[in-house]
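Student: Now for the letters of each chain:
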Amino acid sequence: DAMVIQNPRYQVTQFGKPVTLSCSQTLNHNVMYWYQQKSSQAPKLLFHYYDKDFNNEADTPDNFQSRRPNTSFCFLDIRSPGLGDAAMYLCATSRDGGRQPQHFGDGTRLSIL
Amino acid sequence: GESVGLHLPTLSVQEGDNSIINCAYSNSASDYFIWYKQESGKGPQFIIDIRSNMDKRQGQRVTVLLNKTVKHLSLQIAATQPGDSAVYFCAENRSFQKLVFGTGTRLLVSP
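Line by line, the protein sequences give chains A and B.
So for the first sequence, the working numbering puts the first residue at 303; every next one is plus one.
So for the second sequence, the working numbering puts the first residue at 216; every next one is plus one.
Everything labelled a hint here was simulated from the structure, so no lab data went into it.
Possibly wrong hints are sitting among the right ones.
As the list claims (entries may be wrong) - Far from chain B, some chain A residues (derived; all Cβ distances over 10 Å):
1) 309
2) 316
3) 329
4) 367
5) 375
6) 384
7) 385
8) 413
Claimed, not checked - Listed next, the in silico DSBU-like pairs over lysine-lysine satisfying Cα-Cα at most 30 Å (straight line):
9) 346/A with 271/B
10) 346/A with 313/B
11) 257/B with 313/B
12) 313/B with 340/A
Unchecked claim - Here's a subset of chain A near chain B, in silico, CB distances under 8 Å, partners left out:
13) 333
14) 344
15) 345
16) 347
17) 350
18) 401
19) 403
20) 406
21) 409
Bear in mind the structure is a predicted one, so any value in this text is a computation, not a measurement.
For every residue, glycine included, the Cβ atom is placed at its ideal position computed from N, Cα and C.
Isolated chain B, as found in the complex:
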């Protein structure tokens, strides 16, 4: 069946580096994507979203890139900080009112 998935389960980076978290999706009809950050013991926190009519969207220290040709989504975090350590999920708005989450990537930031 169709799914949203991530290539890397764990990403380890040094403080100050840039981080890139990747996500592959298979439903070409999906038109809206979201990145969430989930810290231990907390609910997912919205980071940034992008609609399918865009290729790139920037926020504060974060950028989301969407490549519809290869059905690939990425989250770039600039100057990664220890507070960025968390699990990151991409989510696909596959149909009205429903999100499908990817499997998650754990980001570990060491000082």
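Chain A on its own, in the form it takes in the complex:
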């Protein structure tokens, strides 16, 4: 039944070692989002794709990048993770980004050693 699936649920990486988080959706939605959520805070939007169009938030560090090879999949790449990047990363989708809810996956919790 899961509609937005994130893998892995937990990821441990070393300081400075590139890491990729993945998200897939069965909803055939046009828009896919990546959020960062730190403990006891609200989700913070990093970027989103509308189809193949990439939209970066102004304050998203260059260290964070994304790929969307097809409608169903979207990846978050962290090129050189720092200790401050330890967080929950949430993927969400919406049909076309208008007045409708976003549907979230259960996130990947990233730890940095």
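We have chain A already, so just place chain B on it with the hints.
Tutor: Here is chain B on its own, set in the frame of chain A:
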């Protein structure tokens, strides 16, 4: 800058009570609002939404009220149950494709 925020960080209630979670927003141009529930270790789960042309919307045990005059949004949960314990976020659809989340309220339900 403009923001979406909540008045109370933690709300403790007894099982069976009604709960009210509040949210203030400052962008008068926002026209769509959503409430999400987030349980520990999970992603936000959609509860209910409301468009700005409405004042009230009801779901199963939940009601959202929107007061555009004072830019205030509330979520009412009837007969609160232990399973309702979670963090609740309001979110504002401030522009096409983008949500801005409030700071969250933790709801604690004791038996």
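Student: Work down the list of hints and note, for each, if the structure agrees.
Tutor: So, going through the hints one by one against the coordinates:
1. With 10 Å as the threshold on Cβ separation, the claim that residue 309/A sits away from chain B holds: the shortest Cβ distance comes to roughly 13 Å.
2. For residue 316/A, the non-interface assignment is confirmed: its Cβ lies about 24 Å from the closest Cβ of chain B, beyond the 10 Å cut-off.
3. Distance to chain B confirms residue 329/A as a non-interface residue, since its nearest Cβ pair spans about 13 Å, more than 10 Å.
4. Distance check for residue 367/A against chain B: the nearest CB is about 19 Å away, which clears 10 Å, and the non-interface claim stands.
5. No Cβ of chain B comes within 10 Å of the Cβ of residue 375/A; the nearest lies about 17 Å off, and the non-interface call holds.
6. Its beta-carbon lying about 24 Å from the closest one in chain B, residue 384/A satisfies the requirement of being farther than 10 Å from that chain.
7. Every beta carbon of chain B lies more than 10 Å from that of residue 385/A, the smallest distance being close to 21 Å; the non-interface claim holds.
8. In this structure residue 413/A is separated from chain B by more than 10 Å, as the shortest Cβ-Cβ distance comes to about 14 Å.
9. Our distance criterion of 30 Å between C-alpha atoms is met by residue 346/A and residue 271/B, whose separation comes to about 28 Å.
10. Distance check on the hinted pair: residue 346/A and residue 313/B sit about 11 Å apart at the alpha-carbon level, within 30 Å; holds.
11. Taking the CA atoms of residue 257/B and residue 313/B, the gap is about 21 Å. The hint holds against a cut of 30 Å.
12. The straight-line distance between the Cα atoms of residue 313/B and residue 340/A is roughly 19 Å, inside the 30 Å bound, and the hint therefore holds.
13. The criterion of a C-beta within 8 Å of any C-beta in chain B is met by residue 333/A, whose closest approach is roughly 6 Å, and the hint holds.
14. A cut of 8 Å between beta carbons decides the hint on residue 344/A: the least distance to chain B is about 4 Å, and the hint holds.
15. A least Cβ separation of about 5 Å between residue 345/A and chain B falls short of the 8 Å threshold, and the interface hint therefore holds.
16. Checking residue 347/A against chain B by beta carbon gives a least distance of about 6 Å; that is within 8 Å, so the hint holds.
17. Using the Cβ-Cβ criterion of 8 Å, the hint placing residue 350/A at the interface with chain B is satisfied: the shortest such distance is roughly 6 Å.
18. Nearest Cβ of chain B to the Cβ of residue 401/A: about 4 Å, under the 8 Å cut. The hint holds.
19. Because the closest C-beta pair between residue 403/A and chain B is about 4 Å apart, less than 8 Å, the hint holds.
20. Because the smallest distance between the Cβ of residue 406/A and any Cβ of chain B comes to about 4 Å, under 8 Å, the interface hint for this residue holds.
21. For residue 409/A, the shortest C-beta to C-beta distance to chain B is roughly 5 Å, which falls under 8 Å, so the interface hint holds.
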